[in-house]
Amino acid sequence: CLFTGHSAGKNVLPASPLEAYLGENKTLNILVEKEKSDIIIWKFKNETTFLYIATLQPSGLTVNDRYKGRAFVDSANGYLTLISVKLEDTGNYTISIVGTQTLTGQVELHIIDVLPPILELPPLISENRQKEHITLTCLANQGYPSEWDLHWHISIHPTYINSSVKWEEEWNPGILQDDKFCSWRSSLKIAVVDLQKINSVTCIAHLGSLAPVRVKLKAEQIFKNQTVSEG
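Take the sequence shown: its letters are residues 1 to 231, numbered as in full-length UniProt numbering.
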């Protein structure tokens, strides 16, 4: 961070760089306490652009036209929140806190491009022999970055809502493919005796605070052309 005026030795903003995923909401917090009489000015700068984002005064908030509807400053603490960040939001953010003394700080924000993966949850192929467990596999492809996580959700049939279901979950971290996209794999192991209790199984891909990607199999879809009996 950069500091001027009477703020020597006092961190005003977090250490650089900060990161956010494309489409997320990102809040830049202040590391000093805001006084009621302070005037707070947020600015943005990259290699080609310099913009005033917003000015917070005791009388109210003024937001640059280019940021209206997607930039907000909390009147209580001066934090800047950017709504649904864009790639062009990558750059340096500067704050000036004007009060009994002037504090300034700068932090770099990097926006990470995102491509939600394509999820596939194929049904199990029919088998003649019975097993104690079945294993479903969720495949995720053509996504970016590698930090997407795969998780499972099991919906219990209302008839068995107070019953327990035995299951185990495993997943592998993202693997970068030759096409520069990533792939993931996760498996769900369920006891066959518990299948009748299940209403549906969902594989979910998560990344930060972005909306998750989901794919679902209903109970009757778990097995292709066959219903597994207990035993």
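Simulated from the structure, these hints should not be mistaken for laboratory data. Here the structure is a predicted model, which is why all the values come from computation and not from measurement. Watch out, some of these pointers could steer you wrong.
[As the list claims (entries may be wrong)] Think about it this way: if two alpha-carbon atoms lie no more than 27 Å apart in a straight line, the pair counts; the simulated BS3-like pairs of lysine-lysine are: (1) K26 x K86; (2) K26 x K36; (3) K26 x K68; (4) K26 x K43; (5) K197 x K180; (6) K131 x K180; (7) K180 x K218; (8) K197 x K216.
[Stated by the list, open to error] With beta-carbon atoms standing in for the labels, derived distance ranges: (9) S200 x S75: 23 to 31 Å; (10) E169 x Q221: 15 to 23 Å; (11) P17 x H206: 19 to 27 Å; (12) S59 x S200: 25 to 33 Å; (13) D65 x W167: 16 to 24 Å.
We put the CB at the ideal spot given by N, CA and C, even for glycine.
Pairwise beta carbon distance, S200 to S75, judged against the given window 23 to 31 Å: At roughly 45 Å between Cβ atoms, S75 and S200 fall outside 23 to 31 Å, so the hint is violated.
Hint consistency between K180 and K218 [alpha-carbon to alpha-carbon, up to 27 Å]: With Cα atoms ~33 Å apart, K180 and K218 exceed 27 Å; violated.
Outcome of range test on Cβ distance (P17, H206; 19 to 27 Å): holds, 23 Å
27 Å Cα cutoff - pair K197, K216: Within the cut-off at roughly 16 Å; holds.
Distance restraint between K26 and K68, which requires alpha-carbon spacing of 27 Å or less: holds, 15 Å
27 Å limit on alpha-carbon distance, applied to hinted pair K26 and K36: Answer holds: K26 to K36 is near 24 Å, not above 27 Å.
16 to 24 Å as the expected CB spacing between W167 and D65, which holds or is violated: violated, 53 Å
Given hint K180 paired with K197 - CA-CA distance at most 27 Å: Violated. K197 to K180 sits at ~41 Å, over the 27 Å cutoff.
Status of the given 25 to 33 Å range, CB of S200 versus CB of S59: violated, 54 Å
Satisfaction of hint between K43 and K26, Cα-Cα up to 27 Å: holds, 15 Å
Restraint status (C-alpha distance of K26 to K86 at most 27 Å): Roughly 11 Å between the alpha carbons, so the hint for K26 and K86 holds.
Pairwise beta carbon distance, E169 to Q221, judged against the given window 15 to 23 Å: holds, 19 Å
Hints 5, 6, 7, 9, 12, 13 from the earlier list are contradicted by this structure; the remaining hints agree with it.
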